[in-house]
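Asker: This is what each chain is made of:
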Amino acid sequence: MALRTYLQAISDGLREALAGDESVFVMGEDVGAFGGAFKVTDGLQAEFGPDRVRDAPIAEAGIIGSAVGAAIAGMRPVCEMQFSDFVACGFDQLVNVAGKMHYRVGLSVPLVLRLPSGGGFAGGPFHSQNPEAWFMHAPGLKVVAPSTPEDAKGLLAAAIADPNPVVFMEHKHLYRRIKGEVPGHPYATPFSARVARAGSDLTVIAYGAMVHAALEAAEDLEGASVEVLDLRSLAPLDEEAILDSVAKTSKVLVIDEANRTCAAGAEVASLIADRAFGHLDGPVRRLATPDVPIPFSPPLEEAVIPTADRIAEACRELLDY
Amino acid sequence: MALRTYLQAISDGLREALAGDESVFVMGEDVGAFGGAFKVTDGLQAEFGPDRVRDAPIAEAGIIGSAVGAAIAGMRPVCEMQFSDFVACGFDQLVNVAGKMHYRVGLSVPLVLRLPSGGGFAGGPFHSQNPEAWFMHAPGLKVVAPSTPEDAKGLLAAAIADPNPVVFMEHKHLYRRIKGEVPGHPYATPFSARVARAGSDLTVIAYGAMVHAALEAAEDLEGASVEVLDLRSLAPLDEEAILDSVAKTSKVLVIDEANRTCAAGAEVASLIADRAFGHLDGPVRRLATPDVPIPFSPPLEEAVIPTADRIAEACRELLDY
Amino acid sequence: MLDAADRRGLLRAMVLMRAVEERGLSLYKQGKIPGSFYDGRGQEAISVGATWALGAADAVCSPLIRDLGAHLVRGTDLAEIFRHYMGRENELSHGREGNVHFGDRRVGVVGMVSMLPDMMVVAGGLAMAFKLRSEQRCALSFFGDGATSRGDWHEAMNWAALYGLPVIFVLENNQFAYSTPTSRQFAREPVARAAAYGVAAVSVDGNDVEAVFEATREARERALAGDGPTLIEARTLRMHGHGAHDDASYIPTELLEEWLGRDPIERLASRLGEEETAAVEAEVAAQIDAALARAMEAPMPAPGTAGDDVFCVGEPVTLGEGAAPWSGFAAPDPLPAAA
Amino acid sequence: MLDAADRRGLLRAMVLMRAVEERGLSLYKQGKIPGSFYDGRGQEAISVGATWALGAADAVCSPLIRDLGAHLVRGTDLAEIFRHYMGRENELSHGREGNVHFGDRRVGVVGMVSMLPDMMVVAGGLAMAFKLRSEQRCALSFFGDGATSRGDWHEAMNWAALYGLPVIFVLENNQFAYSTPTSRQFAREPVARAAAYGVAAVSVDGNDVEAVFEATREARERALAGDGPTLIEARTLRMHGHGAHDDASYIPTELLEEWLGRDPIERLASRLGEEETAAVEAEVAAQIDAALARAMEAPMPAPGTAGDDVFCVGEPVTLGEGAAPWSGFAAPDPLPAAA
Ligand SMILES: Cc1ncc(C[n+]2csc(CCOP(=O)(O)OP(=O)(O)O)c2C)c(N)n1
Ligand SMILES: Cc1ncc(C[n+]2csc(CCOP(=O)(O)OP(=O)(O)O)c2C)c(N)n1
Ligand SMILES: [Mg+2]
Ligand SMILES: [Mg+2]
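Protein chains in written order, with the working numbering: chain S, 598 to 918; chain U, 598 to 918; chain Y, 378 to 716; chain L, 378 to 716.
One thing to keep in mind: the hints can contain errors.
Within a straight-line C-alpha distance of at most 27 Å, the following computed DSS-like cross-link-like pairs (lysine-lysine) qualify [stated by the list, open to error]:
(1) Y:Lys406 <-> U:Lys636
(2) S:Lys636 <-> S:Lys845
(3) Y:Lys409 <-> U:Lys636
(4) L:Lys409 <-> S:Lys636
(5) U:Lys845 <-> U:Lys636
(6) S:Lys636 <-> L:Lys406
If you are wondering where the hints come from, they were derived from the structure by calculation, not from laboratory data.
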């Protein structure tokens, strides 16, 4: 075990995958000599050469589509969008070509698409988005979103080993802010939820950066026993873990950093309202970024993205219900 | 009033808009001399000329992006994707350019994007999709989905008059199957829900083609008083109408023809679970197409898209709860 | 380079393609093929000629709706194709896909997606993998004149040239995209753009199967020699409507008549002579009858299978090798017993 | 065509651009500008020269992160720009956008989106509207070498050529896309592709403001005469890192030194003489101090406004007209009192 940042954990995972499997290669804009816009791939090109750590032209459809081709030829491409926001430019290749290939014609597409996502640092409307729900709503894609360094490395390994296209949401605001103990050897983390904090009065369901906000809020709530469930995998959703937690606590708050309407949290809340109705002791509350592009100016951005304070407030209201 | 098909009502709406406002023009692949793949624009080019009813190259980003340009220059483009499925190819221009323009730089984008959508006729994985939830999850876009000829024409007029980008979901399977009385003069239908059938025991919430399946199911449910709420507008959602209906009936079934996860119905269900919890007398049930590409072969397609029978069955279960 | 047996094979494949599509059209009109129906009437020389020049390990990614011939040359089983068309149980698509949206991965064919020309980008990715692994293989992709207007066309072209990929792009310039003539799609012919990317280009008579073959053979040699991609323009005319629903009344009669005189099958047939042609036609008709009879025995898929296989479980399934008639390679048994 | 007053104006705009960006960079380092910071050091001649050639009613869609000069020439208020940069209350973006992501619609400038080169497509749409309404206006769009790899570039080029649109595309070929040299972006120079679409093209020294001006002036005449689009390649080098976070160590020192000798401001300054240049510099410094002082008075936006204006309510807001220094037109008062 070693203390690693979230970013280092992802780098480590990439390095281990490249070292361990000849069919793995990394591709994206400026991922080579420059080491990526966030330096996640720093040093990898020097270590593995320009064929296996490939700089791509600014062509998101080209990156995703050619990765699909390489994948069906037996490779395991791991691609980076420079910011998750740019995946919109390769959207069609991802949802229509990669996602449906196996169902339609039986070919596997073992492709990982890394999406540096999320806000919190004045990135503005095009460098702060959380597009995961689009891909949850696209059959054939898996979507994972680690919140800790340990899970980041483990979920990345599992994503690379998976024979299906996996969208890997890595939250930029966790990159250097979050440190944790990470095993020094390769390991895979299952695509299932994790109880980040056990509790009995209320469940807060979150993923990615919001897990940390939820944990902070839970700490603040003296006297209440708040469970925090870290989804980790958004598609597939770990329905059992969600329902189990709600059965235990009877109250639930679902958090999204993404825009509210049709977000991951909408699916989670609707699942609970359907399958855990009998256990509920209060409304299924949601806290999410409202349906607004992420504004640049810090007071505005801070006003829209859920914070620990607002999570705590929503918890208090629910606890009092 | 005249008896018109859903398709004719849309054509009529386009004709009236072209006749009534010089700034309106129609653009899309094969919409000109051919009159569109579904003949929705049939005759319009002959009537209004090739400048106002424009054949476009196969370039969905080109169509949407240039429509944005025309819109900010004061025009009111009404564009067609040949099938809604192809909107994935112009996704970025729609969500990033059109949707965020007004918030970011204050320019209006009065653009209507017509998306012939939905399954039911062996169109297969690329000619049957219902992509509306992607756009509900994209701030700055409005999304409407008429189920009747009258609403098709009225919502189209309102969409064209709206100073914002509006995604107009027109269901292909309703085109020639559904007829109804339509006023012969121009009128606008508000972006709000409509009680398609009043009832007191249970609310079925649907939109587009599923409204008809829900009405059929409601007829079949002898002895029960089933309300059918036709959402008509998905963004904005008519929250009041949804909550009012649930307050009245206490039981609710939400239908999506779209793939289940993060569909419009997830948002509707989560809204109810949050804001109408106190009124609920049973779980918030959902019936949707599972997370699978729409299969081609009729027995398979029929197995995935919600049918009147399966809606009735789900209603019965809920009524018995 | 082609010998008499090759020519007979080429004729056979083109006649087969046309006959399968004719049969398909009547099955469609009888309601036995659901959905829609598309064919490649008049364009048979392109998919047949181009695919004929490939080696067994080369990939076709992808044949489009005018390219049934590519599937036939690669060795896809005919009964399977009919089962697929009709939405019956089959190993190609399990009823999940229809019309020419299929590909037998076991013979190196990747089924197309509708979004044009996405598969050109994917073909580039296949070629990238081949090159990365120093394999002597290439990928071939078909696309229409209309598809050249889309951004993915550009990204595929740039990618192929930048990395010098072993990929062959076959442009089927049939003068129309659905109802839209090329004059309303672009101001300059796409073949002229290839040089601006650094892609070699050649333009051939698309109704001359030997010319298409020869251009592809050369492009393949270039690809395997490490000399990069080639764009082959095959000039032709779509002799039917866009699909069975389209009477193509927007195509001038004189244009159709002109191209009727250039029918690719008649052209090769006249070279081979009446007797040989008649023999091929009879052989093909018998083959189709037999295949269709087998296909008709297949049930419709069980509704319960609709949700299967959205995800792959276990080891990834990759491309296999196909028949390569010209180089003498025939995949031993492309289809398992089930077929 | 340019007279002494024009030259002075061009110098002033370039000096102003550089000085604003230098001030911006220090504000960024002081933490007064949040997020990230990008500039166009060494490329001032391009946005300034090109925009100088426009008429008042022409649209700029859009200046990119190297193109602050375009905003300055069009008449965007300087205090507003600083407020915008700092995320303070302002009429350009209301704090919703940062860095060079703004555009004053009141002076005919459409703010860029990050996704490159989406705005070229939008510019085509503006030009389409102008042509449809038979207006004597054109649209101008900037794009980088790197952006030419994306599909939207192709769709924009094809569209412009096909419809003969009054649009000018200005390629800022600064030899790099972020860290990626052009040799790893494409095999052939993009300017060579223009002809293959039917777009007129010209390549100029991007560090020569008069050359950029002249090429744009000609392109505009062509556009207004109905002769269609032009692509202007302006060859240059990005003299700073991609953004403030990037030391650009991947750019060879010799290359930087070579281009340092071609500084666009020094070049024009040497023509105008030291005295005049010093006057311009002093004038600019004073202007910036004043603008920044005004800007600093603005509060940060109220958190409660974060959700405002996602949708337009009421009549659509469209583009206005900007300053057109060369043709002598200055928008009377581009900014309302609030500014
Ligand atoms: C991206 C995309 N947009 C629209 C369509 C609908 N569509 C199917 S075929 C076709 C015409 C294709 O023309 P072309 O590429 O010339 O091929 P051809 O049919 O002539 O062989 C269109 C517009 C599509 N398949 N893909
Ligand atoms: C579609 C898209 N992908 C990725 C990015 C991230 N990005 C921002 S600037 C840049 C490099 C742009 O290079 P170029 O077009 O040459 O412009 P320059 O910065 O050199 O002026 C990249 C990759 C982007 N803005 N848009
Ligand atoms: Mg064609
Ligand atoms: Mg550049």
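Asker: Taking the hints in turn, state whether each one holds.
Answerer: Here is how each hint holds up against the structure:
With a CA separation close to 21 Å, the supplied pair Lys406 (chain Y) and Lys636 (chain U) stays within the 27 Å bound. Distance check on the hinted pair: Lys636 (chain S) and Lys845 (chain S) sit about 42 Å apart at the alpha-carbon level, beyond 27 Å; violated. Under the criterion of a C-alpha separation no larger than 27 Å, the hint pairing Lys409 (chain Y) with Lys636 (chain U) is consistent with the structure, at around 25 Å. Of the supplied pair hints, the one linking Lys409 (chain L) and Lys636 (chain S) holds, its CA atoms being roughly 25 Å apart against a limit of 27 Å.
Pair hint Lys845 (chain U) plus Lys636 (chain U) does not hold up; C-alpha atoms about 42 Å apart against a cutoff of 27 Å. With a C-alpha separation of about 21 Å, the suggested pair Lys636 (chain S) and Lys406 (chain L) falls inside the 27 Å cut-off, and the hint holds.
Hint compliance for this structure: hints 2 and 5 are not met, and every other hint is.
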